[in-house]
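**Student:** Produce the entire structure from the sequences given, and follow the hints as far as they go.
Single-letter residue listing:
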Amino acid sequence: MSSSLLHPPAHLSPSVALQLSQQAPAILQATPSSISSYSLSYLWSASETPELWTTYENLMLSCLRTGDEESAHLCLERLTARFGTDNEKLMALRGLFQEAVAQDDAALKKVLDEYEAILKRDPSNMPVSKRRVALLKTMNKIPDAITALNSFLDDSPTDAEAWTELADLYVSQGMYSQGIFALEEVLLVTPNAWNIHAKLGEVNYMAFKATSDQGSDKLLAESLRRFCRSIELCDDYLRGYYGLKLASNELLLALPQASRQKPDGSLPLPSQKTVGLLNQKATSKLSEIVRLNAAGDRGYQGYEKAEIIAAKELLNRESSKVVR
Amino acid sequence: MSKLLDPIPHHHSYGVLRHYATVLMATAPKKQETPAIREQRSLLRGINLRQNANAISPVAFNARRDFLVTAYESGQFLKAPEKKGEAAPNPMSDPAAMDGMMGMMKGNMMMMVPQTLIMGWINAFFSGFVVIRLPFPLTIKFKSMLQAGVATKDMDPQWMSSISWYVLCIFGLQSVFNYLLGSDNAASQTAQQMGQMGPGAGANMFGPGVDPDKQFQGEAENLSVLAHYYTLAGVEERLLKSLS
Chain A
1 MSSSLLHPPA HLSPSVALQL SQQAPAILQA TPSSISSYSL SYLWSASETP ELWTTYENLM
61 LSCLRTGDEE SAHLCLERLT ARFGTDNEKL MALRGLFQEA VAQDDAALKK VLDEYEAILK
121 RDPSNMPVSK RRVALLKTMN KIPDAITALN SFLDDSPTDA EAWTELADLY VSQGMYSQGI
181 FALEEVLLVT PNAWNIHAKL GEVNYMAFKA TSDQGSDKLL AESLRRFCRS IELCDDYLRG
241 YYGLKLASNE LLLALPQASR QKPDGSLPLP SQKTVGLLNQ KATSKLSEIV RLNAAGDRGY
301 QGYEKAEIIA AKELLNRESS KVVR
Chain B
1 MSKLLDPIPH HHSYGVLRHY ATVLMATAPK KQETPAIREQ RSLLRGINLR QNANAISPVA
61 FNARRDFLVT AYESGQFLKA PEKKGEAAPN PMSDPAAMDG MMGMMKGNMM MMVPQTLIMG
121 WINAFFSGFV VIRLPFPLTI KFKSMLQAGV ATKDMDPQWM SSISWYVLCI FGLQSVFNYL
181 LGSDNAASQT AQQMGQMGPG AGANMFGPGV DPDKQFQGEA ENLSVLAHYY TLAGVEERLL
241 KSLS
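Those sequence lines, one after another, are chains A and B. Numbering-wise (UniProt numbering), the first sequence opens with residue 1 and increments by one. Numbering-wise (UniProt numbering), the second sequence opens with residue 1 and increments by one.
The set of hints was computed from the structure by calculation and includes no laboratory data. We treat Cβ as the ideally placed atom computed from N, Cα and C, and that holds for glycine. Where hints are given, some of them may not hold.
[To be verified] Label pairs and their computed distance ranges (CB to CB): (1) A:Q19 <-> B:H228: 45 to 53 Å; (2) B:Y229 <-> A:E69: 52 to 60 Å; (3) A:D213 <-> B:K30: 47 to 55 Å; (4) A:T138 <-> B:T34: 46 to 54 Å; (5) A:H73 <-> B:E82: 20 to 28 Å.
**Tutor:** What follows is the structure, given as C-alpha cells:
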C-alpha cells in the first residue's frame with residue numbers, strides 16, 4: 001500500500017490520483033471487508049489500525065476524483081460498517097459522495113437540503129457545516145457560502161482551514177481587505193506557514209493592482225515584505241521568489257513618486273537600493289531554479305510544472321524587454 | 001465467549017475478559033455543545049493572538065486586541081453570559097463532570113471486583129499449598145514474600161506458595177496481555193494508572209471548577225499589556241544579508 005494513501009489527497013496530481021484509484025479494486029480485495037473488535041478472529045488476525053481507515057477515506061476521495069464511483073461506494077460502505085451512520089465525519093463523507101454522483105443542480109439542491117436538515121437537528125456538527133459551505137461554493141452561491149463560513153468561524157475561531165477558505169472566497173469576490181484579515185487569522189494559528197505568508201503577499205499585490213489610491217504603495221511594500229518572509233522561512237521557495245520579483249518590479253516604478261510621509265503606525269517604505277538588490281536576487285534565483293530543474297538536478301525536482309513554466313515566462317518577458 | 005476462553009489458562013482469560021468488559025462498559029466521550037466549543041476556542045484565539053502576534057502588522061494586531069479585550073471583559077464568548085460574575089459551580093453538581101467521574105468509577109470497579117473475587121477464591125482453595133520450587137537459591141528474607149499463607153518456619157525460601165505464585169502472575173502477565181490484545185488494551189495496568197493521574201494538561205485548562213470568566217479576564221489583561229513587535233520589520237535587509 002503506497003504511503004501517498006495516508007496523506008490527504010487534495011495535493012495529489014491527477015496522474016497520481018488516477019494511479020491510486022486504479023489500484024482500488026486490488027486494495028479493497030486485499031483488506032478484510034469487516035473488522036469487529038468482538039469476534040474470535042480479532043485475537044489472532046492483525047488488529048485494525050487507524051491507517052486502514054485513513055486509507056479507505058483517501059482511496060474514496062481519489063476514486064471520486066477519477067470517476068470510479070463503484071470503488072468509492074465500497075469504501076464508504078466499509079467505513080459505515082465500522083463507524084455507524086451517525087458518525088459526524090461519515091455524514092460529511094456520505095454527503096461528499098452524493099455531491100460527486102449528483103447529475104444536475106436539482107440533485108445538488110437535494111444534498112444541500114439534507115445538510116440543512118442534519119444541521120437543524122445538530123448545529124454543532126462541524127464536518128457537515130464545512131461540507132455545506134463547500135457545496136454552496138460549488139453551486140456558485142458565494143455570498144451564502146461566505147455568510148455560512150462566517151457563522152461557522154464565530155463558533156470556532158481557531159480553525160485555520162476555514163479561515164483559508166474564507167480568504168479564498170473573499171478574494172474571489174474582490175474583497176481584498178477582508179481576505180487579508182482572514183489570512184492574518186490563519187497566520188495567528190500557524191505563524192510559520194510560508195505558503196500563507198506568500199499568499200498574503202499575493203493578496204496584497206492584487207489589492208495594490210486593484211486600487212490607485214495614495215496609500216496603495218503601502219500594500220505593495222507589505223506584499224514585498226511578505227514574500228521576503230516566506231523566502232526567509234523556506235529557502236528556494238519558487239512562489240516566494242516569483243512574487244518578490246513581481247512586487248519589486250512594481251515597487252521600483254512606484255518608489256520615485258512615493259510620498260515620503262511617515263505612515264500611520266505601519267512600516268516605512270523600503271529604500272530604492274534594497275528593492276533593486278532584492279529584484280536582482282529574485283531574478284538570479286528564479287533563473288537558477290528554472291535551469292537546474294530543466295537540467296534534472298535532483299534537489300530541484302519538487303516544483304510544480306505550471307509554476308516552473310510561469311517563472312520561465314516571467315524571465316523571458318523581462319529579458320525581451322531588455323533586448324528591445 | 002466461552003469458545004474464546006477455553007484454550008487459555010485462567011489468569012489469561014481473566015485479563016482478556018476484563019479487557020472486553022471494560023470496552024463494553026466504557027461510556028462514549030460526551031459531545032460538546034456549540035456554546036462550550038465557542039467559549040474554549042474564543043479563549044484559544046486570544047492565546048494564539050498573544051503568542052503569534054509578531055506575524056501580523058501593528059495595525060492588524062491593535063484592531064484584534066481591542067476587539068478581543070472588549071469582548072472578553074464583557075463576557076461575550078461565555079457559554080452562559082447571564083451567569084457572569086457568579087462563583088464557579090461546584091464540580092460535583094455539574095452533570096457533565098459527574099459523567100466523567102462515573103466512567104472512572106466504572107473502570108475502577110471493573111478492575112477491583114473480579115480481582116477481589118478471584119483473590120478470595122484462591123485464598124479459600126489454595127492457601128497452605130506449595131506449588132513450585134524456584135531453580136535458584138534465595139536468602140531467608142524472601143520467605144515472607146514467597147511463602148505467604150504457608151506458616152512453616154524452616155522450609156527453604158526456594159519453595160513458593162500458591163498465593164505468592166498468583167500475585168507474581170497477576171503482575172507479570174502484562175506483556176502477555178500486550179501481545180494478545182495490542183498494546184493499548186483496557187486490561188493494561190499502566191494505562192489504568194495513567195487514567196487515574198488525570199487527563200492531559202490541555203483538558204485541565206477547561207476542566208470543571210475553572211471559572212471561564214476569570215480565564216477571559218486574565219487573558220484580556222495579558223493581551224492589553226503585550227508589547228508588539230512585527231517580524232516583517234526589516235525582513236528585506238535580513239533576507240539580503242542571509243542571501244549574500
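**Student:** Which of the numbered hints above does this structure break?
**Tutor:** 4, 5
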